[in-house]
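Line by line, the protein sequences are chains A and B. Going by numbering that gives the first Met the number 0, the letters in the first sequence line up with residues 0 to 240, in that order. Going by numbering that gives the first Met the number 0, the letters in the second sequence line up with residues 0 to 462, in that order.
Please note: incorrect hints may appear among the correct ones.
Label pairs and their computed distance ranges (CB to CB) [unchecked claim]:
| id | chain 1 | residue 1 | chain 2 | residue 2 | range |
| --- | --- | --- | --- | --- | --- |
| 1 | A | His156 | B | Ala404 | 49 to 55 Å |
| 2 | B | Phe407 | A | Gly135 | 21 to 27 Å |
| 3 | B | Leu77 | A | Val137 | 48 to 54 Å |
| 4 | A | His156 | B | Ala45 | 33 to 39 Å |
| 5 | A | Glu164 | B | Pro44 | 51 to 57 Å |
| 6 | A | Glu164 | B | Ala13 | 41 to 47 Å |
| 7 | B | Val214 | A | Gln193 | 25 to 31 Å |
Hints are computed from structural coordinates only; laboratory data are not their basis. Think of the CB as a built atom: it goes at the ideal place given N, C-alpha and C, for glycine as much as any other residue.
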Amino acid sequence: MPGRRNAAVPAVPEPVVPEPVVPEPAVPEPAGHVLRATSVGKRIDEAVLLLPTDVELGPAQCVVLRGPNGSGKTTLLRILAGTVPPSEGQATLDGSPVDERDDLTRTAIAALIGAPATYRDLTLVDHLVLIDSTWGQVGQRAEDRADEILELLEIDHLAERFPHELSSGQQQLFHLSMVLARPSSILLLDEPEQRLDTDKRDLLARILLDRKADGSSLLIACHDPAMTDALADTVVDLLLA
Amino acid sequence: MNGADKAQLRQVRAAILGNRSDTSLSSTLYPVYVAVIAASTYGVPASQQLFRSLDKRWLAEHVGTPAGAVVAVTSTALLLTVFRLVGRFHGPVVPPLPYLEMVVTSPMPRRVTLARYWRLSLGGSTIGGVLVGVVGVAGLAIANVASPVMLLPASLGGALLGVVVAELWLQGQLQGQFRAPPFGNRRRTSPLSGRRNALARLDITGLRRQAASNVTLGGAVLAGDLRTVRLDAARPTTHARRVRLKASRPLSVIARRDLLGLRRAPWSALYGLGFAAAGSAGLMLSLQSPRTPTMAPLFSLVLCHLGFGSWCEGLRLHADNSGTSRLLGLPYRDTALAHLAVPVSAWTLTTLVVGAGLWLAGPIGPAALVFALGAGALLAGTHLMAAFRGLPPVGVFGPHAGVPAMVFWYSKPLLATLVVGTATAAWAARAASPWDAFYGLLVGTAGVVAWGLALVDKRDRRA
Chain A
0 MPGRRNAAVP
10 AVPEPVVPEP
20 VVPEPAVPEP
30 AGHVLRATSV
40 GKRIDEAVLL
50 LPTDVELGPA
60 QCVVLRGPNG
70 SGKTTLLRIL
80 AGTVPPSEGQ
90 ATLDGSPVDE
100 RDDLTRTAIA
110 ALIGAPATYR
120 DLTLVDHLVL
130 IDSTWGQVGQ
140 RAEDRADEIL
150 ELLEIDHLAE
160 RFPHELSSGQ
170 QQLFHLSMVL
180 ARPSSILLLD
190 EPEQRLDTDK
200 RDLLARILLD
210 RKADGSSLLI
220 ACHDPAMTDA
230 LADTVVDLLL
240 A
Chain B
0 MNGADKAQLR
10 QVRAAILGNR
20 SDTSLSSTLY
30 PVYVAVIAAS
40 TYGVPASQQL
50 FRSLDKRWLA
60 EHVGTPAGAV
70 VAVTSTALLL
80 TVFRLVGRFH
90 GPVVPPLPYL
100 EMVVTSPMPR
110 RVTLARYWRL
120 SLGGSTIGGV
130 LVGVVGVAGL
140 AIANVASPVM
150 LLPASLGGAL
160 LGVVVAELWL
170 QGQLQGQFRA
180 PPFGNRRRTS
190 PLSGRRNALA
200 RLDITGLRRQ
210 AASNVTLGGA
220 VLAGDLRTVR
230 LDAARPTTHA
240 RRVRLKASRP
250 LSVIARRDLL
260 GLRRAPWSAL
270 YGLGFAAAGS
280 AGLMLSLQSP
290 RTPTMAPLFS
300 LVLCHLGFGS
310 WCEGLRLHAD
320 NSGTSRLLGL
330 PYRDTALAHL
340 AVPVSAWTLT
350 TLVVGAGLWL
360 AGPIGPAALV
370 FALGAGALLA
380 GTHLMAAFRG
390 LPPVGVFGPH
400 AGVPAMVFWY
410 SKPLLATLVV
420 GTATAAWAAR
430 AASPWDAFYG
440 LLVGTAGVVA
450 WGLALVDKRD
460 RRA
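Chain B on its own, in the form it takes in the complex:
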């Protein structure tokens, strides 16, 4: 950025601010201040409590081993992939709409007009990385698993991770544009020059779309409307338009519809498969030893919940449509249950394949496989709850409720999965016979399914 560019940007900012004082520095530093306070007040105690709660022998056996390194590398790769994907819908460089229309569309170089927003995201990501590294290692150090000397490399590693996250996030934003990058052949562009050009390659249509989406999402989050968030974040379907839905019997055509929906959203089907396979494997393995930390089934169930949810778009679309004129010849509840056929079948198939592999390889027995299959019914119930929960009650928006109440209200389906699943999995791992825990899982599942069906009927009555 040369002197003329700087002067021009200063003029623009002065014009935008008018008579108001420039609070950009304080408004930038405030979130950093809050993040540091939150990390030291809540993050470090939570981290050390987590590592203290784990079996020290188990932890010592796994941290620093090749298996531990594989988990660390896989988690990092997953994090980077997620940020790259997020960038397609919500990138790091999203100025507000008026700034886009009045400044970014001007003849000033785009890398100049967008530089400030990129620097903010890069700085936030780097500081976030440092805090994650410090909190994690501080917890390990307090739990006497790592030396305090590790804080320095952890901070540097975190900062590096933050920079890489920001870069991939920006690359995701570039990839999410409708137009191809305009500047020449990629093969002739070095990574460094590509990086320098990245801001200039952001097109106004993509920036406008993300800025408008920001406004929509902001409003939806404030109103507690997750449906709007989901529909706005998802790209419209355009795949496999020539594949037609085959006519079938009333209930089976709903399942065919869901299969076609997954064929038209192949990434969703694949994410579901990946998460469900990893989650079911983790769940089955976590049942094998009483020394396995409770965190293992808990984390596995989060993956299971995400994987199963990726296959439930048909169910969610059915719930979205409540209140509109009904055109299908099936009762509302029957349609909802028919929408569970595909995710439950996909879960059963995935678990059978993964479980059979683990069984043949030796680490698990038949009880673990049956337990994981039973967890499919639990996931079906919690996804019924999630799809048909509707909007939060007015009380959640009250002055005494606050954000935690909203988060709790929305997390109820996930919490139901985690509470019922983790409690019974921990019981199965520690009990002399895992079948008692399995019956416990079935009882908990029956309660969750009944809760989900009650929500379906409630939406039906409201419609």
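Isolated chain A, as found in the complex:
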């Protein structure tokens, strides 16, 4: 489809969200990763899933992807997470192609694109301890951090429930807690506000702003105008392919 491309527009963020209420640990130095999509597009046979798109996400920045259903937001996130190869263009992390199987990509990027992997025989707190342990946290620290994250998302009262015992909104908060639990410097989130009530959306925006202030970069597909205004440094409007 020559001539049609998705383009970024700078957003004018308005600080409508109040200060974060939950204290976080000492602010780490920004990792300095740059995630870039250069003319990235995806097609399967004749079906165009994503028009060629340019996106650049620098340290401690937030880029919000907008666009109608089917415009390729999730596909672009998958490409930038390194789980799907683009059919044209290039997706790079600090100049190297992103590939989820690569340790460096996996260490830098945490993604919530669709429902993540869960074990039906583990409780919520067990999942967070498992995630933290596989990233090298051992002992009481991992268990304390698991409790802190559940408290941060106000689901600490559900710590001993199994995933199948949660409502859809609680599931979404649980999925977010798992992504926030693992260390990362870039967060890729596909409609993180879905199924959340207004209070929880505000809470999520505060948490993400807090993450950004700590040096994390955020790339978010979002349909919520208030969250977009609160978080976005740049907005990329995707066109329907």
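Dock chain B against the given chain A, drawing on the hints supplied.
Chain B in isolation, oriented as in the chain A frame:
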């Protein structure tokens, strides 16, 4: 069922059928016809071939002895237990959802509205029992091990077994309900009245759940999606929620996860233990004499495969999650291998305990114990294959492939266990030195493990 009930049910059936003709009798008799044809065409020849392939002296020594009776009683008890367990998830009385919503929820007595579905299952189970008895004894008679006169008692015994199976299957369905049976104190209810009340005690929630599960399972089987079948059949975990996973090093926390999973599914752990203990004992004993029928290690390996598989839920859940956002800090293949730590350790421990007991008692030597321990690696490889096989290729659904191709595709991991395990076990039992066969087992195992790891990497690439 009184006359008014019969008339009301006739009206209901007429309303459901509309202008269509009632084909219920022919559709009920057709499976019976197919079963009889299959039993006579394939069952009897296979049975007589099986008994002819066995060493006649060995067979004569064991059939009709106390040991033979113990095997027969144990097998029957196992069969009945399995049916009772199956009833908890898929009972004999599962009408389709529209019938449940429009008829079973009506004020008509439940024992009336469900009677037809119970009779179908009872009839099917009884006829199945008769066919099993006839096929088994016909095979023995043709192989000159039993007299043809035994066909009559075998048919009657089979029919009786079929009735008992159906009853226990129904009891399992009652036990699987969320609500307790509503009618009074069980101690005051005689078995007969309890049986009469069984259909009335089935609650609509349980019936709906099983009917919906039927639809899901039917679709999953047609699509060749065993994962959906497994997840739908399994009950959600709710045990030991207050026991927390302890933080640990990256690889050992995966093993801790699997141990916690087994603690929360204690029946699965126990089935695994029972099957693995019986299977490893059978495998070790089958290596002791060249006259032991090849069926013995083959059957033992089936038990080993089932037992080891009961401990592999963590591995299967990891495979189920491929394609989703990765949150663990370990590479995909390393996580898969870490999930094998618990089943391999459990197998080693079980085999050591069972093998040490048999060794001290005298029937086996150290070579058999080492062989059974080596079989653990084979089982690990075949369960890697099973967990990461994914969905069948499109070709399996083609018009020329059919059900056998689908069954073969899904059975490949089990077949790998049986082919490598049985061939090397038969070799070990007949060779002058069992160690050559053991090295053969190791070579076969290496191939199977490599195949399993290739499937893991394939799923990783697809993810």
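Cross-check of the supplied hints:
1. For the pair His156 of chain A and Ala404 of chain B, the beta carbons lie near 51 Å from each other, so the given range of 49 to 55 Å is met.
2. At about 44 Å, the beta-carbon gap between Phe407 of chain B and Gly135 of chain A misses the expected band of 21 to 27 Å.
3. Between Leu77 of chain B and Val137 of chain A the Cβ separation comes to about 44 Å, which falls outside the hinted range of 48 to 54 Å.
4. Between His156 of chain A and Ala45 of chain B the beta carbon distance is about 59 Å. The supplied range of 33 to 39 Å is therefore violated.
5. For the pair Glu164 of chain A and Pro44 of chain B, the supplied restraint of 51 to 57 Å holds, since their beta-carbon distance comes to about 52 Å.
6. Glu164 of chain A and Ala13 of chain B have their C-beta atoms about 44 Å apart, which keeps the hinted 41 to 47 Å range intact.
7. Judged by the Cβ atoms, the range 25 to 31 Å given for Val214 of chain B and Gln193 of chain A holds: they are separated by roughly 28 Å.
The structure shown violates the earlier hints numbered 2, 3, 4.
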